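Protein chains: 2
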Amino acid sequence: MTFNYSDRMNGLDGSATREIFKLLSRPEIISFAGGLPANEYLPVKEVNEILDEILSGGFAAKSLQYGSTEGFPALREILTDYVKHVGINDAKVENTLVISGGQQGIDLTLKAFINKGDAVLVENPTYLAFLQIAKTYEAKVYGVKAESYGLNIEDLEAKIKAHKPKVLYCVPTFSNPTGKTYSAENRRKIAEITAKYGVMVLEDDPYGKLRFSGEPVPSLKSFDKAGNVIYITSFSKILSPGMRTGVAVGNKEVIRKLTICKQGTDLHTANLSQLIAQKYLEKGYLFPNIEKSLPLYRTRRDCMLAALDKYMPKEFTHTVPDGGLFIWGEFDADVVTKDILPEAIERDVAYIQGNEFYAVPQEGNRFIRLNFSNESPERIDKGVKALAELYKEKISQAKSKK
Amino acid sequence: MTFNYSDRMNGLDGSATREIFKLLSRPEIISFAGGLPANEYLPVKEVNEILDEILSGGFAAKSLQYGSTEGFPALREILTDYVKHVGINDAKVENTLVISGGQQGIDLTLKAFINKGDAVLVENPTYLAFLQIAKTYEAKVYGVKAESYGLNIEDLEAKIKAHKPKVLYCVPTFSNPTGKTYSAENRRKIAEITAKYGVMVLEDDPYGKLRFSGEPVPSLKSFDKAGNVIYITSFSKILSPGMRTGVAVGNKEVIRKLTICKQGTDLHTANLSQLIAQKYLEKGYLFPNIEKSLPLYRTRRDCMLAALDKYMPKEFTHTVPDGGLFIWGEFDADVVTKDILPEAIERDVAYIQGNEFYAVPQEGNRFIRLNFSNESPERIDKGVKALAELYKEKISQAKSKK
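Here the protein sequences come in this chain order: A and B.
Here the numbering used here is used: the first residue of the first sequence is 67, the next is one more, and so on.
Here the numbering used here is used: the first residue of the second sequence is 67, the next is one more, and so on.
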C-alpha cells in the first residue's frame, strides 16, 4: 500500500548531521561534521561512582519507577541555582522543566506556540535542526541579518513588522554554526524589542560553558523583563550527550504549557539521566571537569585555526570563536560546498555544507561548518590539509571554466 | 505579556494520570489511579549488575557519547527476536526503531501521518493519553463500538467509510482502560479491513506480557500483509518505566519516517536506558522476572475482584481481565464519577474517571478505571470498601432526589 503521510513530511529529509553520524563508523574518516564533545572528557569514572550510589542507596526503586513530567524536584531545585551562572537569578522550581536534551526544548516550544503557517525568525545562518523542527510544525522561517556583535536590530524590527513572527530562535553564545557571541548590549536590545512586539524568544545555550577566551556575557534571558524569553540549555556538551538531559527555564505559565506538551511526547525524561545530572551537580563535579577540558578544546581550536591559515586557499575566510565547537568558513569563489562534500568524504574528510543552516538553503552555498572538538591535533592538521587541496583544485577548475 | 499559544493548546489540560501522580506523594492515599508496575518487581539488583558491566567495560564512552537516532544496532537486532513472541516473525533491524517509551511511538506516528482535521479512529473507550496526543495534532477522533471479543467490525467499516480516517489506534491485548483482549479472528479482520481501505493501524501493546490467565493471542501486526500496521511496545511495565524505552516495528519506509520525526524530538533515546534493555534481554532476565511477578499481579487482581464483589453496590458491574493492570467498572445509576472523585480523594482513595477515555467525554460519566498493580491486598480491600461506601451514599442520594 502507499502511505499517505502528513503534509509536514513533504521534503523533510533526515538531518545532515544525523546522516553523517553513520560515516563516523569508518575510522579513517576525519570528521569535522558532528558536534560531539571530546571522548577524552566524558566523565566515565564519575558517572560510574554516581550510578553505584543511586542503585545501592535509597534511590533504587525510585530510579526505575515512573517520575513526574516536570522532572525530579531535587534536580529542578539545583537547576534554579545552576542558571544563576548565566545571570538568571530569579528562577524558582516552577520556572523549570527538565527536558530530554535541548532538541526537545525546541520541539516543545514550537508545539506550544506554532500553528501551520506561523512565522518564526532565526539568525541567518542558524542551527540546522531548528530548521528541520520548524518544518515539522509547518512554520514559515525568516532569517534575520547578523552582525559580528549579534543580530542586526534594525533588520530584526523590520522582519518583526513584516512577518509578525510568534517566535525568535537564537544561539547567542558561540552560535551554531558561526561560533559568534552576541554582545550584552545586543541581547538587551533583543529582549526589549521582542517584548515590545510580543514575540517569544527561544534562547538556546548548549555551548556557553565551553569558553576558551574572552569574557562571559549574561544570557539574553537575564535581560527579560516581560517573561517572553525561554532559556534552554543541556548537559550534552559538558557531561554526556547520551544522557539526553537539559532544562528549560521560563515564565511559569509557559513552562506549564511546555509540560503539558511533554506529557504527550515522552511522559518524562529518563530517571537515571536526571539522577546522574543531579548528583554530578551536587557533588560539584561539573565546573572542575569543564575547566579541565578547556585546554584540550582550546588546543584543537587553535590547531584548526592554524591549519586553515596554513593550507586553505586565499579565497577562504573564517570566524575565530571564543568557545563552543565550531568554526564557520566562507569561500569567496565559485564553489558549492554541498556538491564537493562527496569528494571530500572520498578523501576521508567530512564537514557540513552551509546550505543546511539557512532558511533559504542556497544562501549557504559557499559556506562550510567545521567542528574541531572531536579529532586529535594530528588528524585536524591532516584533514584540513586534504580539504584545502580539494578546494584549491575546485577553485582552479572553476576559474579555468570561465 | 499575554502568550499567544498555538491552536492545539486550546482545551489541552494536563492528563488526569499525570496530575494524579502528584497525589501519590501523600502515603495515606490508596491509589487505583495510575498504571504503575509493582515496586516489588522492579529489578534493582539486575539493573545494578548491568550498569556495573556497562561502565567498567568497553561500553563506557559509548554509553555517554551521542548515539544514532534509530537506536543501538545490537538492541535493535535483539528486538527483532523479541517481537517473535507476539508472532512478528519477519522483522529485520530496518523495521525497528528504539523509542523513548510507548508514548513517543504514538506521538511520532501522529506526527508522520496526521494533518490538522484528519480523522483517527479509536476503540471506545481508549487510552486517555492517546486522546491527549491526538489533540496536539488537532485530529478528529471517532470511537468505534467495542464488543467483548474486540472491535465491532461492521461499525469499524462504517466509520472508515464515513470519516476516511488515516489511523486506527488500539490496545488489543489487555486494553487500557477495559482490560479486554481482542480475539485472533477479530485481529485478522481488523488487519484485512484497514488494509482494504488504506488505514494505518497503531497497535499499542504495553501490557501483553503480563498475562495471568487464558491463552496468548498473536499480535494484530502478525496478521498484517499490507504493511499498514505499526506495532509498539515498551519496557515500562516489565522492566522499568523510569527508563523510557520501547520499540516501534513496522514497514521499513514508515519506520524511516518515524525516525526522521524522532530526530526532531529527542535525537535518540537515552543510551543507558537502551543498554540496560539490551543486556537485560541478552542475559535472559526478562521472562523469568515476568514469570516471578505474575503471581503477585494475579493475587492483586483477584483481591480487587473479590473486594468489588463484596463491597460494591448492586448497580456496579466490572470486567475480569486475563492480564494487564486495569479493571473497568460501570455504574448503572445516576452518578458522574468525575464529580465524585474529589470526595473519594478526601476519603483517601483515587481512581480515574471514565470521561478521560472517551472521544466524547460525557459517554464515560458512569465509568471508572481501577488499577490493581501497585497496592497491597490489604490496601486494595480497604480502598475498595471506602469507595463502595461513598458510591452507595451517592446512589441513594441520587435516588432520593427523584
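Source of the hints: derived by calculation from the structure; they are not laboratory data.
Certain hints may be false.
Identical chains blur together in the list; that is why a pair holds if it fits in one copy or across any two.
With a straight-line cut-off of 25 Å between C-alpha atoms, the simulated SDA-like cross-links for lysine to any residue are [as the list claims (entries may be wrong)]:
no.: 1; residue 1: K227; residue 2: S442
no.: 2; residue 1: K255; residue 2: R432
no.: 3; residue 1: K128; residue 2: S442
no.: 4; residue 1: K128; residue 2: T365
no.: 5; residue 1: K349; residue 2: D73
no.: 6; residue 1: K380; residue 2: V401
no.: 7; residue 1: K211; residue 2: T383
no.: 8; residue 1: K380; residue 2: N76
no.: 9; residue 1: K458; residue 2: A126
no.: 10; residue 1: K182; residue 2: P361
no.: 11; residue 1: K201; residue 2: G183
no.: 12; residue 1: K318; residue 2: D79
no.: 13; residue 1: K182; residue 2: Y71
no.: 14; residue 1: K460; residue 2: L362
no.: 15; residue 1: K291; residue 2: E204
no.: 16; residue 1: K128; residue 2: E94
no.: 17; residue 1: K465; residue 2: G123
no.: 18; residue 1: K262; residue 2: K451
no.: 19; residue 1: K358; residue 2: D147
no.: 20; residue 1: K255; residue 2: F69
no.: 21; residue 1: K230; residue 2: E204
no.: 22; residue 1: K211; residue 2: E119
Source: prediction; values computed, not measured.
To see whether the hints hold, each was checked on the structure:
no.	hint	verdict
1	K227 to S442	neither (47 Å within a copy, 62 Å between copies)
2	K255 to R432	neither (31 Å within a copy, 56 Å between copies)
3	K128 to S442	between (41 Å within a copy, 18 Å between copies)
4	K128 to T365	between (42 Å within a copy, 24 Å between copies)
5	K349 to D73	neither (48 Å within a copy, 43 Å between copies)
6	K380 to V401	within (14 Å within a copy, 81 Å between copies)
7	K211 to T383	within (19 Å within a copy, 66 Å between copies)
8	K380 to N76	neither (40 Å within a copy, 56 Å between copies)
9	K458 to A126	neither (59 Å within a copy, 41 Å between copies)
10	K182 to P361	neither (45 Å within a copy, 51 Å between copies)
11	K201 to G183	both (10 Å within a copy, 18 Å between copies)
12	K318 to D79	between (35 Å within a copy, 15 Å between copies)
13	K182 to Y71	both (16 Å within a copy, 12 Å between copies)
14	K460 to L362	neither (33 Å within a copy, 71 Å between copies)
15	K291 to E204	neither (30 Å within a copy, 33 Å between copies)
16	K128 to E94	between (43 Å within a copy, 18 Å between copies)
17	K465 to G123	neither (68 Å within a copy, 54 Å between copies)
18	K262 to K451	neither (49 Å within a copy, 58 Å between copies)
19	K358 to D147	within (22 Å within a copy, 44 Å between copies)
20	K255 to F69	between (47 Å within a copy, 20 Å between copies)
21	K230 to E204	both (16 Å within a copy, 23 Å between copies)
22	K211 to E119	neither (50 Å within a copy, 51 Å between copies)
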